[in-house]
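Novice: Top to bottom, those sequences are chains A and B.
All the letters of the first sequence, read from the start, carry residue numbers 95 to 410 under the numbering used here.
All the letters of the second sequence, read from the start, carry residue numbers 455 to 697 under the numbering used here.
Note that these hints are calculated values from the structure, not bench results.
Owing to the predicted nature of the structure, the values given are computational and were not obtained by experimental measurement.
Quick reminder that beta carbons are idealized off the backbone N, C-alpha and C, glycines included.
Accuracy of the hints is not assured; some may be wrong.
Computed list of lysine-lysine pairs in DSSO-like fashion (alpha-carbon distance at most 30 Å, straight line) [as the list claims (entries may be wrong)]:
#  : chain 1 : residue 1 : chain 2 : residue 2
1  : A       : Lys-270   : A       : Lys-309
2  : A       : Lys-103   : B       : Lys-664
3  : A       : Lys-320   : A       : Lys-146
4  : A       : Lys-169   : A       : Lys-103
5  : A       : Lys-354   : B       : Lys-664
6  : A       : Lys-350   : A       : Lys-320
7  : A       : Lys-146   : A       : Lys-309
8  : A       : Lys-319   : A       : Lys-295
9  : A       : Lys-295   : A       : Lys-228
10 : A       : Lys-228   : A       : Lys-265
11 : B       : Lys-664   : A       : Lys-323
12 : A       : Lys-309   : B       : Lys-673
13 : A       : Lys-305   : B       : Lys-673
14 : B       : Lys-664   : A       : Lys-213
15 : A       : Lys-295   : A       : Lys-213
16 : A       : Lys-295   : B       : Lys-664
Beyond 12 Å from chain A on every Cβ pair, some chain B residues (computed) [to be verified]:
#  : residue
17 : Phe-537
18 : Asn-543
19 : Asn-599
20 : Thr-609
21 : Ala-634
22 : Pro-636
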Amino acid sequence: MQNSKFSLKFKVFLNFSLLTFNFVLFASPVYAQSLSLSLSPPLVELMVQPGKQVTFSYQLVNNSERDQNITPLLKSFTPDGTEGLIAFKEVPRNNPISITFEGNDRFNQPFPLAIGETKSMVIKIKPNAGAPEKDYYFTLLFSSGDLADKSGNQTGSITQIGSNLLITVSKDGQPKLTAEIQDFNVPKIVDSFDAVATDLKITNPGNVLFKPFGKIAFSGWFGQKKEIKLLEQNVLSGSTRRFDIETYRPKFPLGKYTAKVEFEPNQIPPSVNLTDTFYYFPIRLTLGIIALLILNKLRRLIPAKKLISKQKIPVI
Amino acid sequence: MNKLPYFLFFINFYLFFALPVYALMRSEDYELQMPNLNFASGNAESAGYNLGFTGGQTASGAYSSTGYRALIGFWYLKTIIPFSFSLSNQVIEFGTLSTGLPSYGTTTLTVSSGGAGAYQVTAIENRALRADTTGSAIPDVTGDNGTATESTADTWDLGTTYGFGYSMYGHDVPTPFPTAGPVGSYYKQFANLEQDEVPQVVMSSTNVGKNRTATMTYKVNISAIQPAGRYRNAIIFVATPGY
């Protein structure tokens with residue numbers, strides 16, 4: 095009898111342990127008393143002919159602790175600064191791009207999204223037949239809020255999560271691209287113990303966005319060369335974008351070097367390029383040697399002065 | 455015979471082997487969004503690299519011609535990382551407000567941004583903290599030196615400085631807020647939608663990132679002449695990726 099009881103207890107203990115293990119391993123993350131949304135894709139780039147329609151799908155996931163009421167919104171945006179950020183504005187009344195949902199969803203009309211639910215939505219985009227051939231930038235926003243009218247003094251919140259739409263309207267798919275290098279700066283003199291940092295800003299004065307495909311090529315003495323590929327980030331119409339460039343330090347950092355930036359917008363010639371020259375010189379080492387020489391000179395002078403001051407001149 | 459152990463075993467068996475299905479499959483002409491049929495795939499890593507690979511996909515790569523550019527292949531889709539934003543507390547309760555005794559509340563903002571690179575979170579209040587019954591409002595704080603605005607921070611240490619404002623610490627917060635806790639002495643006003651002010655960036659980065667977290671501390675302090683009432687407003691957070 096005792097043996098069977100022990101066996102039963104062991105079985106129960108083992109199964110509860112495994113049960114706990116499985117829940118820990120496979121349980122979905124729970125965001126306690128929170129709002130949590132995720133949206134995919136975060137960025138959509140399209141090229142569409144006037145009068146033609148394209149569709150694509152978004153997925154919105156509610157990872158919150160409770161059900162949400164989500165309201166889809168549409169905003170227009172312009173680039174803000176040089177770091178790839180945006181500033182909203184209202185969609186113009188004469189907007190020639192029709193953006194609607196397929197099915198029953200509508201902008202400014204809320205829909206429920208249960209805990210853990212993923213909602214797929216199909217967006218239809220259609221430029222008018224007479225839409226000017228240029229870029230149009232929008233953000234699709236999904237808004238949810240909790241302004242619960244509880245007693246007491248409180249601050250509620252409305253949370254909006256967005257995805258950006260970059261739409262190029264073009265009849266032939268070969269819009270004219272215009273690119274300029276606004277800034278390409280390399281320090282003129284670089285200490286031999288330092289890596290050289292490059293500042294690059296590319297401007298798009300045209301009507302259509304592009305990605306720069308290219309590189310920065312460093313070259314110096316003894317055939318030293320290094321190429322750093324540019325990140326193919328979007329440069330939107332009418333904006334300037336700063337590019338992060340990794341620093342470069344040659345094996346023999348002494349003497350004259352050149353840095354040449356060259357790229358093609360969307361891999362379409364002609365390329366845009368600019369060359370700058372800089373010099374590696376052991377600045378800190380040289381200053382250190384000079385400082386030592388000066389100190390050495392001073393050290394030699396000081397004992398002679400002390401000897402003179404200590405001598406007593408006899409008074410006659 | 456006690457059947458409990460067998461029942462529990464069945465539950466364990468089900469949970470362990472009934473793994474969630476990640477593939478999106480549909481009926482009526484089946485639509486496979488994410489799965490890729492190939493002879494080899496996986497992830498490999500070394501000290502300096504992470505590599506995801508698939509073997510067996512034919513004709514993968516980037517193609518372009520007049521009027522189109524196509525990115526063909528599993529990894530062009532796989533690297534589309536969802537953009538996510540979460541708020542730990544949707545409603546901040548300040549409790550009973552007393553003259554010269556500040557009340558605080560916190561919420562944590564978390565952002566994951568991978569596919570597009572760069573992100574920003576802006577914040578704006580729909581109105582000042584206001585009691586609907588009387589119409590009286592708790593003003594936005596101007597700081598100990600009277601210089602705090604929606605874009606400029608000022609210290610707020612004095613118990614005789616009244617108003618409503620916020621401070622932050624954590625990832626990707628603007629200066630002068632610190633990158634690590636505890637919360638510092640600097641506070642800002644929220645931009646005010648009723649006054650047509652511009653929403654202010656409270657988190658931003660030019661890099662991809664997962665679970666970038668910042669804590670926002672709300673602070674409210676009232677004067678002796680503040681009329682009684684239930685004061686409420688709402689903060690509108692907008693999280694968007696870059697381009």
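Novice: Flag every earlier hint the structure violates by its number, smallest first.
Specialist: Of the numbered hints, 2, 3, 4, 5, 7, 12, 13, 15, 17 and 18 do not hold.
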